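Engineer: Sequence:
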Amino acid sequence: MKRERDAEAELNLPPGFRFHPTDEELVVHYLCRKASYQTLPVPIIVEIDLYKYDPWQLPEKALFGIKEWYFFTPRDRKYPNGSRPNRAAGNGYWKATGADKPVRPTGSTKAVGIKKALVFYSGKAPKGTKTDWIMHEYRLAQPNRSSDKKSSLRVCMNYDATAYVLRY
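Reading the sequence shown from the start, the letters are residues 1 to 168 in UniProt numbering.
Hints were generated in silico from the structure; no laboratory data involved.
Predicted model only: the values in this text are computed from it and were never measured.
You may find that some hints are simply not true.
The following label-pair restraints were derived from C-beta to C-beta distances [said to hold, decoys possible]:
id, residue 1, residue 2, range
1, 134, 102, 17 to 25 Å
2, 59, 95, 27 to 35 Å
3, 15, 84, 18 to 26 Å
4, 91, 68, 32 to 40 Å
5, 60, 96, 20 to 28 Å
6, 47, 24, 15 to 23 Å
7, 84, 33, 23 to 31 Å
8, 104, 81, 28 to 36 Å
9, 18, 134, 31 to 39 Å
10, 104, 129, 33 to 41 Å
Glycine included, C-beta positions come from ideal geometry on N, C-alpha and C.
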């Protein structure tokens, strides 16, 4: 609780501030803005290479949160010219589970982001031991590489950044 109050003071957050964005808010107002190098509404999400750590080391690196922590990290590729992500981390690995879920703005049929659930396994794949650590990966949907920069959504989709929400 003291750490939470320290964050409110350091980040100039108002008393009683709660950070629980919806999937749409996280993608549109944070990830998309981060990817297009715009100022975030609240500078509350830290950027680190979370794959260098075990999940239990990450809460102390977050700026805010008690049972839920938010991070930006560049997407690491398993192979230099491939699209397959490298999810090895610390003394284990993150394994995708379930289907990808599109993140759509209210009233829209077009997805702006993709949400993927990941579970942490200790040890080496494929014989790792499942843990209680869960992480949700948010990435921008279908990057548009066109030169039309009029839409801020198109601009933000030219960058390969990822937001993560870690839960225990």
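Engineer: Which of the numbered hints are not met once you compare them with the structure shown?
Structural biologist: 2, 3, 4, 9
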